[in-house]
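A.B. asks: Make the full structure from the sequences, and use the hints.
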Amino acid sequence: MLKIKNLHASIEDKEILKGINLEIKAGEVHAIMGPNGSGKSTLSSVIAGKEEFEMTEGEIIFDGIDLTELAPEDRAHKGIFLSFQYPVEIPGVSVTNFIKAAINAHRKSQGLGDMPANEMLKMIREKSELLEIDRKFLSRSLNQGFSGGEKKRNEIFQMAMLSPKLAILDETDSGLDIDALKVVANGVNKLRNKDNAILLITHYQRLLDYIVPDVVHVMVDGKIVKSGGKELAYELEERGYDWLKPEQV
Amino acid sequence: MTIEIIMELKDKLISSFLAFEESCDVDADIHLLRSQAIKEFEELGFPSKKEESWKYTSLNSVLKPDYSVFPKKENAIEYGDIKKYLVHNIDTYNLVFIDGIYSSHLSQTTHDKIDVCLLSAALAKPKYKGVIDTYFNKAIPKANGLTSLNTAFSKEGAYIHIHKNRVADKPVQIINFATGNEAALMIQPRNLVVVDENAQVQIIERHQSLTDHPVLTNSVTEIFAGKHAVVDYYKIQNDRSSASLIDSTFIDQKAGSNCSMHTFSLGGKLTRNNLNFFQKGEHSDSTLKGITIIEDKQHVDHNTLVHHQSPNCESHQDYKGIFADSSTGVFNGKIVVNQVAQKINAFQSNNNILLDNKATINSKPQLEIFADDVKCSHGCTIGQLDKDSLFYLRSRGIPLKEARALLMYAFANNVLESVKIPEIKKRITHEIAMKLGVSLGFDL
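In order, the protein sequence lines correspond to chains C and L. To convert, count from 1 in the first sequence and add 17; that's the numbering used here. To convert, count from 1 in the second sequence and add 1223; that's the numbering used here.
Hints are computed from structural coordinates only; laboratory data are not their basis. Incorrect hints may appear among the rest.
[Said to hold, decoys possible] Pairs of lysine-lysine, DSS-like flavour, derived with a Cα cap of 27 Å:
hint, chain 1, residue 1, chain 2, residue 2
1, L, Lys1624, C, Lys125
2, L, Lys1610, C, Lys182
3, C, Lys95, L, Lys1624
4, C, Lys243, C, Lys211
5, C, Lys22, C, Lys42
6, C, Lys243, C, Lys35
[Unchecked claim] Just a few of them, taken from the derived set where beta-carbon distance is under 10 Å, the chain C residues facing chain L:
hint, residue
7, Ile41
8, Lys67
9, Glu69
10, His94
11, Tyr103
12, Val110
13, Ile116
14, Ala119
15, Lys125
16, Gly128
17, Ser156
18, Gln175
19, Leu179
Yeah, the Cβ is synthetic: ideal placement off N, Cα and C, and Gly gets one too.
C.D. replies: Here it is, written out as structure tokens:
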């Protein structure tokens, strides 16, 4: 589904990603772990198409299509979803209206008209129940005054509504207490199926107890320095990252 | 060269005055006022950039056309042609003027408990003499060239009088259309709004040109809010790029009154809003809010004054501006607090987004505080659309144009929160969406 080959990317001439290779197949869950500043969030932004980053080398192929020249919205329409570490606040636009705008933009890209109101409502009800989201929450301005947990829950709610092929969850566990983490992880697990894939970006092994990955990658200084099964996460938890400096690999 | 042209319009107006007076009733009391005013205009003329408050707004280009001062009477407008410019989904009283002339068949007036009619009638009929003598031209503390010019040619406009303890049963719309029958037209609407003690009214005002011929409107509105009166006034400025508007509004507030002015500036060649609040009684409350979204070479200038003359009052100013292409904006907000006006809360905020390198905003707060126990704050920001926010929206599949529109809406949105007529909120949201050329896929 996703094939990243020798990806180099930089921002303001500073190289952050220094040759990433990664392949994710449908039905898989991958986790990328690594210390702060290793380029994990940059990788997720580059896949989603953030324009401030310049891809200097390599390619990102998604479902056989080279994403390099595609705008973020076009990538979204193809099925890529990024759950943000820091979701932005949009005053005056409710969660419901925002998700309507997003859904209808997806439909428009497929040549469909707006989703009928009753269908939309039904879907909103189902997906908000999945994430134990209060009805009142849906009429609040998007992310405005939301707690860290509410913001993350809202991100996964949007994921549930848009049902992407590839969901990149960037530090979805940060700012969540254990109960909220369980709800979010449970929501994500229910959305998993053989046709979609998930890329988890995280510092901590904690999230991986709830969303169990098929593959764990370790990223240090812009490169993936080690890949392995879920047991790698435990090893990292115990030993830290120092034993995995890129030059040692 | 330019100076010469300005002289021409000034001279033309002065020489037209006699003919104008002949068309009016010269025996009326207002005759004296007009004669005095034309003399003042002769002396003061049009403001120039040399004046501090006109530093960033030049009238040169809008004074150039050879404006006709006397439109031909031509009322070939049907309701269907203008419906879209009215807030028409709610029941309102309507005062419609076409090329400065009252259109009875498009208007709906009343004298039932409240007076909503035309100024020319109020000026002429003895019944209204008391109100006219007490209020007409009394809210303007110091004449300037533009207000004098308007007074000299004052003849038609809205006359709204809400009697003591009355609440207007529906909003009043004042709409001035220019038809373009003339190659170029200058109009001078004059509105008088008197809201007695404990009375309430909501007013919507719009100036709309129907063709691409140049139009210059020099409008003056006086509003008197009696004790505990409530006045909510909405100005929708979304005219063609051939039409310019100079609006001077004076609001005189008595104790406990609550007045709000929302100005939505979404179009027009040049728009200058001179908005003046005078708090003349304790516990009065003033709200001044605006959304400006313009492009091309459009120019919008908000020149506000809040003069706190009594203690224990509040004022709230919040102006949001979004400027595209080489459009220019000015916010010049002056707050004066007299020595007696202790315990004042005065807030002012002006936030701007420049979408292009060529767009300009000049923002200038001015505070003159002579009392020592007051709370005054002002803040001004100038920025751009946030890249991270744009990326967030686009990553959800919302295309760039719509994402920008959503962010602009979010930026300006809180100004709409204090709008008390839901239909106006909808209307403004719709006009903004139309202007930005997007369908946001939902009703905001």
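A.B. asks: Now tell me, hint by hint, if it's right for this structure.
C.D. replies: Now the hints, each set against the structure:
1. This hinted pair checks out: Lys1624/L and Lys125/C have alpha carbons roughly 14 Å apart, not beyond 27 Å.
2. With a CA separation close to 25 Å, the supplied pair Lys1610/L and Lys182/C stays within the 27 Å bound.
3. Distance check on the hinted pair: Lys95/C and Lys1624/L sit about 19 Å apart at the alpha-carbon level, within 27 Å; holds.
4. Straight-line distance between C-alpha atoms of Lys243/C and Lys211/C comes to about 25 Å, which keeps the hinted pair within the 27 Å bound.
5. For the proposed pair Lys22/C and Lys42/C, the alpha carbon gap of about 14 Å is at most 27 Å, so the pair holds.
6. At most 27 Å may separate the alpha-carbon atoms for a hinted pair to count; Lys243/C and Lys35/C meet this at roughly 15 Å.
7. The closest approach between the C-beta of Ile41/C and any C-beta of chain L is roughly 18 Å, which is over the 10 Å cut-off, so the hint fails.
8. Among the interface hints, the one on Lys67/C holds; its C-beta lies about 5 Å from the nearest C-beta in chain L, closer than the 10 Å criterion.
9. Look at Glu69/C: its Cβ gets to within about 7 Å of chain L, closer than 10 Å, so that hint holds up.
10. The restraint placing His94/C at the interface with chain L holds, with a minimum CB-CB distance near 5 Å, inside the 10 Å limit.
11. Given the 10 Å rule on beta carbons, the hint for Tyr103/C holds: about 8 Å separates it from the nearest Cβ of chain L.
12. This hint holds: Val110/C has a C-beta 6 Å from the nearest C-beta of chain L, less than the 10 Å allowed.
13. Annotation: Ile116/C was flagged as interfacial toward chain L, and the flag holds, the nearest CB pair being 8 Å apart, inside 10 Å.
14. The criterion of a C-beta within 10 Å of any C-beta in chain L is met by Ala119/C, whose closest approach is roughly 4 Å, and the hint holds.
15. The restraint placing Lys125/C at the interface with chain L holds, with a minimum CB-CB distance near 8 Å, inside the 10 Å limit.
16. A distance limit of 10 Å between C-beta atoms decides the matter here; for Gly128/C the minimum to chain L is near 14 Å, and the interface restraint is violated.
17. The closest approach between the C-beta of Ser156/C and any C-beta of chain L is roughly 13 Å, which is over the 10 Å cut-off, so the hint fails.
18. Look at Gln175/C: its Cβ gets to within about 7 Å of chain L, closer than 10 Å, so that hint holds up.
19. Proximity of Leu179/C to chain L holds as hinted, the smallest CB-CB distance being about 7 Å (cut-off 10 Å).
In this structure, the earlier hints numbered 7, 16, 17 are contradicted, and the remaining ones agree with it.
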